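Asker: Order-wise, the sequence lines are chains A and B. Yeah, the first sequence ends on 466 if you go by the working numbering, and it's all consecutive. Yeah, the second sequence ends on 117 if you go by the working numbering, and it's all consecutive.
The set of hints was computed from the structure by calculation and includes no laboratory data. Check before you lean on any hint, since a few could be wrong.
Unchecked claim - Below, computed lysine-lysine pairings styled on DSSO-like, alpha-carbon distance capped at 30 Å:
#1 B:LYS44 / A:LYS432
#2 A:LYS403 / B:LYS10
#3 A:LYS465 / A:LYS378
#4 B:LYS43 / A:LYS403
#5 B:LYS6 / A:LYS403
#6 B:LYS85 / A:LYS461
#7 A:LYS403 / A:LYS461
#8 A:LYS465 / B:LYS43
#9 A:LYS461 / B:LYS6
#10 A:LYS461 / B:LYS10
#11 B:LYS12 / A:LYS403
#12 B:LYS56 / A:LYS403
#13 A:LYS461 / B:LYS12
#14 B:LYS43 / A:LYS461
#15 B:LYS44 / A:LYS378
#16 B:LYS43 / B:LYS22
Claimed, not checked - So, partial list: chain A residues that the calculated Cβ filter (under 7 Å) puts toward chain B:
#17 GLN396
#18 LEU398
#19 LYS403
#20 TRP456
#21 SER458
#22 GLY459
No experiment lies behind these values; they were computed from the predicted model shown. In this text, a Cβ means the ideal position worked out from N, Cα and C, and glycines have one as well.
This is what each chain is made of:
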Amino acid sequence: AQSVTQPDARVTVSEGASLQLRCKYSYSATPYLFWYVQYPRQGLQLLLKYYSGDPVVQGVNSFEAEFSKSNSSFHLQKASVHWSDSAVYFCALSDSNYQLIWGSGTKLIIKP
Amino acid sequence: DPKIIQKPKYLVAVTGSEKILICEQYLGHNAMYWYRQSAKKPLEFMFSYSYQKLMDNQTASSRFQPQSSKKNHLDLQITALKPDDSATYFCASSQEGQANSDYTFGSGTRLLVI
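Chain A with its partners taken away, still in its complex shape:
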């Protein structure tokens, strides 16, 4: 069955520190994978997406994600976080019907 798992409901990092938000997927073929961000009281916005090619994908606001077929993962990373990165981050997979299957989200909290 197709699924997306974000094992961490909440992640806390200090401002300026590096960040990794984990995403694991289950899908029989090569997936289309997405990361979305939701800032407080706003809708979701696309950060980046991957289908093929370079497994490291660059997104907005210096975010990047690395696809690993062997680990069935698509972790989101950032070298140095800013307080404005505080948000909820969702990982998603496009299924065979081109509909998105969503992870449960990870709330990112930035400590000053």
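Given the coordinates of chain A, work out where chain B should sit on it, guided by the hints.
Answerer: Then chain B, alone, in the frame of chain A:
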């Protein structure tokens, strides 16, 4: 300019009443969706429409009825409102038939049922 307009932004309703949530998209997309977000479920898929036809319905209750009067509209009618319906309802759209087509979301309607 917002590409997906949801109206109203905030809505307070009395238990048992009926409300309609409005969604219009100006992206030329052929697929539209409704999602619900609450403290209990971070992001819950409700409906998907393609070319104004219902493609998928994951909402158990018939009190939730999507309505598509135009190809760029997908409103959500909710009848016999209950306090448990309190949530933020998001509309989204995409270009159906393209696996790498990302979704564009509206800013949501926050519904409070008292």
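Asker: Against each hint, give a clear statement of whether it holds in the structure.
Answerer: Hints versus structure:
Distance hint between B:LYS44 and A:LYS432 is fulfilled; the C-alpha atoms sit about 27 Å from each other, no more than 30 Å. Our distance criterion of 30 Å between C-alpha atoms is met by A:LYS403 and B:LYS10, whose separation comes to about 29 Å. The suggested pairing of A:LYS465 with A:LYS378 holds, with an alpha-carbon distance near 26 Å, which does not exceed 30 Å. At roughly 27 Å between alpha-carbon atoms, B:LYS43 and A:LYS403 fall within 30 Å of each other, so this suggested pair holds.
Between B:LYS6 and A:LYS403 the CA atoms are separated by roughly 20 Å; this keeps the pair inside 30 Å, and the hint holds. At most 30 Å may separate the alpha-carbon atoms for a hinted pair to count; B:LYS85 and A:LYS461 meet this at roughly 28 Å. Only pairs whose Cα atoms come within 30 Å are accepted, and A:LYS403 paired with A:LYS461 is accepted, the gap being roughly 20 Å. With a CA separation close to 26 Å, the supplied pair A:LYS465 and B:LYS43 stays within the 30 Å bound.
A threshold of 30 Å between alpha carbons decides the hint, and for A:LYS461 with B:LYS6 the separation of about 26 Å falls inside it, so the pair holds. Distance restraint check for A:LYS461 and B:LYS10: the Cα-Cα separation of roughly 27 Å lies within the 30 Å cut-off, and the hinted pair is therefore satisfied. Under the criterion of a C-alpha separation no larger than 30 Å, the hint pairing B:LYS12 with A:LYS403 is consistent with the structure, at around 29 Å. Of the supplied pair hints, the one linking B:LYS56 and A:LYS403 holds, its CA atoms being roughly 27 Å apart against a limit of 30 Å.
For a cut-off of 30 Å, the pair hint linking A:LYS461 to B:LYS12 stands: about 23 Å separates their Cα positions. Proximity of B:LYS43 to A:LYS461 is assessed by CA-CA distance (about 14 Å); at most 30 Å being required, the pair is judged to hold. About 19 Å separates the Cα atoms of B:LYS44 and A:LYS378, which keeps this hinted pair within 30 Å; it holds. Using a Cα cut-off of 30 Å, the hinted pair B:LYS43 and B:LYS22 holds, with the two alpha carbons roughly 22 Å apart.
A hinted interface residue such as A:GLN396 counts as satisfied when its beta carbon comes closer than 7 Å to some beta carbon of chain B; here the least separation is about 6 Å, so the hint holds. Here the hint on A:LEU398 is kept, as its CB sits about 5 Å from the closest CB of chain B, short of 7 Å. A distance limit of 7 Å between C-beta atoms decides the matter here; for A:LYS403 the minimum to chain B is near 6 Å, and the interface restraint holds. Taking 7 Å as the C-beta contact cut-off toward chain B, the hint placing A:TRP456 at the interface holds, the least distance being around 5 Å.
Interface hint status for A:SER458: upheld, as the beta-carbon distance to the closest one in chain B is roughly 5 Å, under 7 Å. Proximity of A:GLY459 to chain B holds as hinted, the smallest CB-CB distance being about 4 Å (cut-off 7 Å).
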